[in-house]
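Here are the chains, one letter per residue:
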Amino acid sequence: MIKKEMIAMLLAGGQGSRLGFLTSTVAKPAVGFGAKYRIIDFALSNCINSGIDTVGVLTQYQPLRLNTHIGIGIPWDLDKNIGGVSILPPYEGSTNAQWYSGTANAIYQNLRYMERYNPDYVLILGGDHIYKMDYEAMLDFHKARNADVTISCIPVPMEEASRFGVVITDDEGRISEFEEKPANPRSNLASMGIYIFNWKVLHDALIELKNQPGCDFGKHVIPYCHNNGMGIYAYEFTGYWKDVGTLHSYWEANMELIDLVPVFNLYEEFWRIYTSADVIRPQYIGKNAYIERCIIGEGAEIYGVAKNSVIGPGVIIKEGAEVYDSIIMKDSIVGNNSRVYKGILAENSRLGSNCAMGIGEERENEKWPHIYNNGLTVLAEDSVVPDNVMIGKNTAISGITEASDYENNTLQSGKCLIKVGDQD
Amino acid sequence: MKLIGIVLAGGNNNKMQNLTAKRAVAAMPIGGAYRAIDFVLSSMSNSHIQRVAVLTQYNSRSLNEHLSSSKWWDFGRKQGGLFVFTPTITAENSFWYRGTADSIAQNLDFLRKCHEPYVAIASGDGIYKLDYNKVLEYHVSSGADITIVGKRVDKGIDVSRFGTLEVDEENRITDFVEKPTKCAKCSHLISTGIYIIRRRLLIELIEQAASEERFDFVSDILIRYKDERKMYCYEMEGYWTSISSADAYFNANMDFLDPEVRDYFFNKYPDIHSKVDDLPPAKYNPGANVKNALLASGCIINGTVENSVLFKKVYVGNNTTIRNCIILNDSYIGDNVYLENCIVESRGTIASGASYMGEPGHAKVVVEKSERYRI
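For the protein sequence lines, the chains are A and B, in the order given. Each residue of the first sequence is one higher than the one before, starting from 1 at the first, in this note's numbering. Each residue of the second sequence is one higher than the one before, starting from 1 at the first, in this note's numbering.
Honestly, I wouldn't trust all of these hints.
Stated by the list, open to error - Simulated pairs of lysine-lysine, DSS-like, Cα-Cα distance not exceeding 25 angstroms:
| hint | chain 1 | residue 1 | chain 2 | residue 2 |
| --- | --- | --- | --- | --- |
| 1 | B | K268 | A | K287 |
| 2 | A | K287 | B | K78 |
| 3 | B | K291 | B | K364 |
| 4 | A | K318 | B | K291 |
| 5 | B | K129 | B | K275 |
| 6 | B | K275 | A | K80 |
No lab work stands behind these hints, which were simulated from the structure alone. Predicted model only: the values in this text are computed from it and were never measured.
Construct the complete structure from the given sequences, taking the supplied hints into account.
Here you go:
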């Protein structure tokens, strides 16, 4: 008989559209982070470090990179005889086939996967946060309170609480009320989207709500449990937790890693973060290179200057190039004598020689001001910029571009140049 | 699946100074992120050899740790696998491996049970890439009993630490001299310690040697039968070196600062595989000044590093200078340290303010175990 006390269901199907072109061809959990990692590595590493060896990863949007990255789970020791990691895509049934229409709907469609492990508890996770958390400590809390559902919550500054869904609790941590983005918040405990359910509670709620369109944990399942008088508790998490939902918060979280002693420290022996390491060769720093305040992944070759930057595996920064306050992802190349300021170069992109990125005046992006802002400049995955091009701030480039695509070899601040991907 | 592999990784070498005090030569760190044995194992794996035995005896703990999982080299299949054989006491035998031939003799059952017709024998201390199937093709087409992989080295190189080969115009080996002493007219075609031989013939030769209490593969089989048996030389192209002394070890690592060597091993197909250590990216703090250096993951740099190779998880303190050095894994170099022409032994701690200098061309091996964290 198969028996697992707690299994994890990791929701990794979302697009993460506020990351703009970073997620045009990959799901958000598969986006690179911190030089050598991908965002999902943190949740997966937390699972195995917490002793959870059975993880269902629910995928839907652009799953190729995610599937390749996870494989059979070897980097996280999740290649197990019983349990381990399973990729759970939407599937066709004998009478119907449907996409995952919401977070809870996705879990509902995989009831049979969970039943197989005969769990007492089910942990529901997102695949898009940067944090180290012991889910076992949360489970201990859940058991001690005899809870039906436990929601992991983080205290946020009171003035920011109105941006979150907050919970109001009694002294024991039992939640009495929920407020979604309240104008005048009465609490600063924000839900992190991490839940532990008693298996029967989850099972029954999902079946009860199976016809709910777009069935979602926050909007439907938790209110259903609350309205039925179940014991819902808030587990207060006080460690580092970063939502990298927007391009700017993604950039900020990366930049925090290069501090002298980072708040989120990857160099501690305890609670290591694992990732699929397809590049293992050492990095080479050239004779004329200068590097300060950077983290750099395996196999990178730096011949120019890099300051305050996060540089992924296999990146080449050529002679005379200068990179400041930027994120250069895996296998990208910055050409000779090019300068990059607050740039995000997605994987395998090429910036030609004698280019400049992120220069000129500050001007709001014309199409997507809510995505491309704070002076950031994005080069999408596999994109190419030819030599001698000047690129302004709050811009995005996608596709293989040629000199003729640019007016006077320039892309003005606030503009987008899109040859591949969504034009609207 | 015509080949099985035997890696001879048993040896110590007194020319390695105290670098092999705690590990076998085959476990010596190479090229910033690898160990010597990775090169032979990767070449075998990349040549689709699926069954490989590593024969080890001297100080094998760190080698065993490195080989604790065979998945890094893609062995560990149902058909084949990576086998590590250390000497065991049996009813018939109570000896350590008394030589390379004896180490094979003590594991003859492994050879007898295989079904692959040919065996590739290689030492664990060579740094190279090789397609063993090409050697096998040559072996079969030349009709050789034994094929020895040779490498032609520059005339200026002292070959007295190698075995040298003389060949005729058909590349048949006419003479084999192990560690020649009078080197005025020495051949500069040297043996790489890589051989291909038919499995049944190997069993026969090893049994014969064992019955005569002869234990060394080179002198008691290769040199002894060089006239009776047809031995041919396959000349290897590309980079090859073996780490048979501390200086050779230093130079082999420094070679990786050469763009051509780096390109050959790091960028050209096929890749060299190694155990993955899950360390964070290398970190350069204010004060870092790194030029012409190789760094592995997990390093934290606060000082100056020039013309050096830093292995995994090296910490370099503030205002410290490191020039022309090989710093092995998990070393902690304190503040205000000066190191030049040194090999710093792994897991050591160099106290703040220390200074070590070797001579150019003759690196000093530094083993310092100061207290790492002062509370």
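Is the Cα-Cα distance between K275/B and K80/A 25 angstroms or less? With a Cα-Cα distance of about 20 angstroms, the restraint between K275/B and K80/A holds, given a limit of 25 angstroms.
Starting from K318/A, check that the Cα of K291/B is at most 25 angstroms away, please. Since the Cα atoms of K318/A and K291/B sit roughly 14 angstroms apart, the hinted pair holds (cutoff 25 angstroms).
Does K275/B lie within 25 angstroms of K129/B when you go C-alpha to C-alpha? OK: K129/B and K275/B at ~18 angstroms, within 25 angstroms.
25 angstroms Cα cutoff - pair K291/B, K364/B: Measuring from Cα to Cα gives roughly 21 angstroms; hence the hint holds.
Between K287/A and K78/B, does the CA-CA distance stay at or below 25 angstroms? 47 angstroms, violated
Is it true that the CA of K268/B sits at most 25 angstroms from the CA of K287/A? The hint holds at about 22 angstroms.
Hint 2 alone, counting from the list given before, is not met by this structure.
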